[in-house]
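Protein chains in written order, with the UniProt record's numbering: chain A, 1 to 423; chain B, 1 to 290.
Certain hints may be false.
[Stated by the list, open to error] Quick list of simulated restraints, FRET-style, between CB atoms: (1) A/Val-24 - B/Ala-235: 25 to 33 Å; (2) A/Gly-264 - B/Ala-157: 51 to 59 Å; (3) A/Thr-69 - B/Thr-229: 39 to 47 Å; (4) B/Leu-183 - A/Gly-30: 33 to 41 Å; (5) A/Ala-64 - B/Tyr-239: 45 to 53 Å; (6) A/Ile-53 - B/Leu-183: 49 to 57 Å.
[As the list claims (entries may be wrong)] Far from chain B, some chain A residues (derived; all Cβ distances over 12 Å): (7) Pro-51; (8) Leu-203; (9) Arg-219; (10) Thr-235; (11) Val-389.
[Claimed, not checked] Some chain B residues judged to face chain A by a derived CB distance under 10 Å, without partners named: (12) Ala-70; (13) Asp-164; (14) Tyr-239; (15) Asp-254.
Hints are computed from structural coordinates only; laboratory data are not their basis. Please read all numbers here as calculations on a predicted model, not as lab measurements. A virtual CB, placed ideally from N, CA and C, is assigned to each residue, including glycine.
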Amino acid sequence: MAPIQPMDDDREPRRRAKAIRYAVPVAAAGVAAATIGLVPALASVGSPDLPKITAEELIAKVAASDTQTISGSVRISTDFGLPALLTGATGAGGPFGGGGGGGRGDSSADPKEQLTELLAGSHTLRVAADGPQRQKVSIVRNAAEYSLIHNGDEVWAYDSGSNQAYHLTGLPQEAQGKDGAKGGHEVPEGWPATPQEAAKKILDAADDSSTVTVDGTARIAGRDAYQLVVTPKATDSTVGSIRIGVDAGTGVPLKFTLAPRGGGKAIVDVAFTKVDFSRPAASTFDFTPPKGAEVTTEKAGEKAGEKADAKAEREAREEFGDLGGPDALEGLDVLGKGWDSIAELKLPPEALNESPSKGGEKAPGLGGQGLLGTFGKEVKGDFGTGTVVSTRLVNALITDSGKVYVGTVTQDALIKAADAAAR
Amino acid sequence: MSQADTLTRSVWPIRSLGLFRSELVTVLRRWRTLALLAVLAGVPVLIGIAVRIETGDGGSAGGGGGGGPAFVALITNNGLFLVFASLAATLPFFLPMAIGVVAGDAVAGEANAGTLRYLLVAPAGRTRLLVSKYASVLAFCLIGTLVVAVSALVTGALLFPLGDVTLLSGTTVPFSEGLLRALLVALVVAASLTGIAALGLFISTLTNSGIAAMATTVGLLITVQIVDTIPQLHAVQPYLFPHYWLSFADLVRDPVYWDEMRSNFQLQALYVAVFGSAAWARFTTRDILA
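Construct the complete structure from the given sequences, taking the supplied hints into account.
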């Protein structure tokens with residue numbers, strides 16, 4: 001018969017036995033704490049032993065990469081230091097939602113409205129691609145997902161959180177071609193014929209503005225990778241360095257980190273956490289809207305252009321970042337070149353005087369001094385007075401005379417540029 | 001080793017099974033357990049009817065803005081989503097509350113009623129008794145989850161169309177695979193509750209009052225759930241047992257996203273190890289006076 005009380009009456013051994021038993025949960029907690037502390041530290045250690053390679057060879061490798069099929073998970077963290085006013089409004093009618101309450105921005109599955117959320121915070125994306133014709137990107141959310149599926153001449157977007165779908169049909173052939181950037185090697189006109197040539201061209205172009213080096217190796221998503229580092233030579237730039245992790249086997253960029261000059265957390269950090277180069281199942285790219293879903297259908301037209309822009313922008317962020325600077329914009333002056341370039345544009349006079357509360361006008365950036373004042377700060381210079389709106393990457397100076405200076409440069413550089421222009 | 005010892009050893013598994021069975025039957029025979037299960041079964045019916053009424057005129061659930069609880073907007077597509085929606089609705093409070101009541105009562109309730117010492121007179125040993133108690137609480141986790149899931153499936157089948165299932169990622173799978181995923185989700189939800197079951201059992205060994213143990217367990221659950229929602233406390237949140245509970249939704253993606261579910265299982269295993277062994281240390285060394 002088992003004794004009701006645990007042990008004999010002798011007090012001392014009992015107390016010791018008790019202590020030993022209580023040591024078990026303490027040990028379990030200790031082991032867990034040690035594991036939590038050590039495992040991430042161990043996981044980030046280890047730079048694989050890869051043959052040495054020059055920056056030119058590495059860029060050539062990227063350009064020569066013919067990887068068409070890829071799938072995996074991507075972690076994207078962005079910290080632009082945008083005013084909370086802008087990033088808080090990522091729902092319907094967000095800052096980039098265009099038409100505000102207008103007619104066609106109604107579907108909340110519209111990619112324009114959904115992708116802005118990537119501008120702040122951390123998100124997990126799941127990507128799959130099979131050649132230039134079929135790609136899929138999903139934003140993983142709590143118990144929901146927002147998927148963008150491109151298959152042939154149509155694009156579906158499906159938001160399972162609100163059960164709404166968006167359908168874009170009749171994509172023209174050439175737009176499809178350009179959409180295929182995920183595959184990594186759609187060739188625009190004027191592009192050098194061989195990867196080696198391309199690498200040389202890129203390096204030559206970058207030579208007077210940046211230093212491009214290969215900075216060792218790393219393990220990214222369980223794969224061996226080289227690290228390509230682009231450091232701007234310009235001292236006024238807010239960009240500290242751009243670090244691209246390139247898969248040693250396939251030449252596919254796996255990680256992109258944009259670090260600010262001032263140090264601190266990366267402004268943009270995009271990295272595969274899992275990657276697989278085998279062909280994704282064909283069913284991945286099939287989408288049939290479920291019975292109860294609300295579907296918004298649109299024909300490609302002017303819309304397709306916008307869509308391609310959004311996509312191109314995302315691709316650029318995912319793959320390389322914009323090395324070219326703001327020279328793509330038309331109808332404005334670009335002061336300086338390379339990393340230090342500052343875009344100068346003139347606001348139409350009414351833009352500044354307009355009342356911010358005017359109905360339907362939701363774009364907060366140019367809504368007038370009253371609104372600007374809430375997240376900008378006033379500065380004075382030879383040019384007069386103006387307001388500086390600053391983020392961690394892009395700074396903008398809006399002068400009272402209606403000129404805007406924007407660039408990835410420090411505030412001082414903006415003021416200097418404005419002073420020089422005023423003289 | 002005496003002959004009696006070897007004899008006891010060899011019948012250990014059978015005896016334990018018997019002990020476990022009698023524990024489970026005792027738990028399931030209590031009126032309060034049946035009432036808890038009835039409440040759990042009622043939640044899916046309530047959600048189903050509410051969604052049905054709201055969408056009866058062709059509108060969409062959740063206001064179309066992506067608001068509302070998880071999965072609710074998808075129930076009109078397919079009744080199977082009522083299973084996921086109901087589990088998502090009951091997992092934060094209803095289910096763990098029921099577990100807290102059963103686990104908190106497990107030891108303290110016996111002590112309170114003065115039956116614990118009689119249990120210990122039986123030649124079972126304290127460790128074995130505790131293991132049987134914990135096993136019966138775990139069985140209740142599974143039963144509670146399955147009650148919610150089955151009730152939701154029946155309600156969903158009656159009120160909404162069934163058919164091919166469009167997963168969260170937009171991929172369509174046949175109904176049979178959807179059903180399989182629903183079963184997996186139920187198992188994952190049951191496994192998510194093992195942490196609070198161990199916590200409840202530990203608290204139950206601390207006191208002689210069943211009510212106190214239940215109230216402490218449920219109170220702790222509510223506190224932890226609130227802490228889990230305060231953004232300033234994000235540093236501790238990954239170590240709170242409910243933090244990854246809703247990760248079961250990742251089973252409804254295509255391909256299945258395992259990362260958070262793995263974290264969930266690791267966390268639950270940690271809670272089971274720490275509080276299970278703490279309960280064992282306490283129960284095997286304490287003086288049983290009642």
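Consistency of the hints with the structure:
Against the hinted window of 25 to 33 Å, the Cβ-Cβ separation of A/Val-24 and B/Ala-235 comes to about 27 Å, which satisfies the hint. Between A/Gly-264 and B/Ala-157 the beta carbon distance is about 54 Å. The supplied range of 51 to 59 Å therefore holds. Range check, A/Thr-69 to B/Thr-229: Cβ separation about 41 Å, and the 39 to 47 Å hint holds. Against the hinted window of 33 to 41 Å, the Cβ-Cβ separation of B/Leu-183 and A/Gly-30 comes to about 37 Å, which satisfies the hint.
Between A/Ala-64 and B/Tyr-239 the beta carbon distance is about 46 Å. The supplied range of 45 to 53 Å therefore holds. For the hinted restraint 49 to 57 Å between A/Ile-53 and B/Leu-183, the CB-CB distance of approximately 50 Å keeps it satisfied. Non-interface call for A/Pro-51 relative to chain B: holds, since the shortest CB-CB distance, roughly 32 Å, exceeds 12 Å. For A/Leu-203, the shortest C-beta to C-beta distance to chain B comes to about 38 Å, beyond the 12 Å cut-off, and the non-interface label holds.
With a least beta-carbon separation of about 17 Å from chain B, A/Arg-219 lies farther than 12 Å from that chain, consistent with its non-interface assignment. The beta carbon of A/Thr-235 is kept farther than 12 Å from every beta carbon of chain B, the shortest such distance being approximately 36 Å. At roughly 25 Å, the least C-beta separation between A/Val-389 and chain B is larger than 12 Å, which holds for a residue marked as non-interface. The criterion of a C-beta within 10 Å of any C-beta in chain A is met by B/Ala-70, whose closest approach is roughly 3 Å, and the hint holds.
For B/Asp-164, the suggested interface contact is upheld, since its CB lies about 8 Å from the closest CB of chain A, less than 10 Å. Evaluation of the B/Tyr-239 hint against chain A yields a held restraint, the C-beta minimum of about 8 Å falling below 10 Å. This hint holds: B/Asp-254 has a C-beta 7 Å from the nearest C-beta of chain A, less than the 10 Å allowed.
Of the numbered hints stated above, none is contradicted by the structure.
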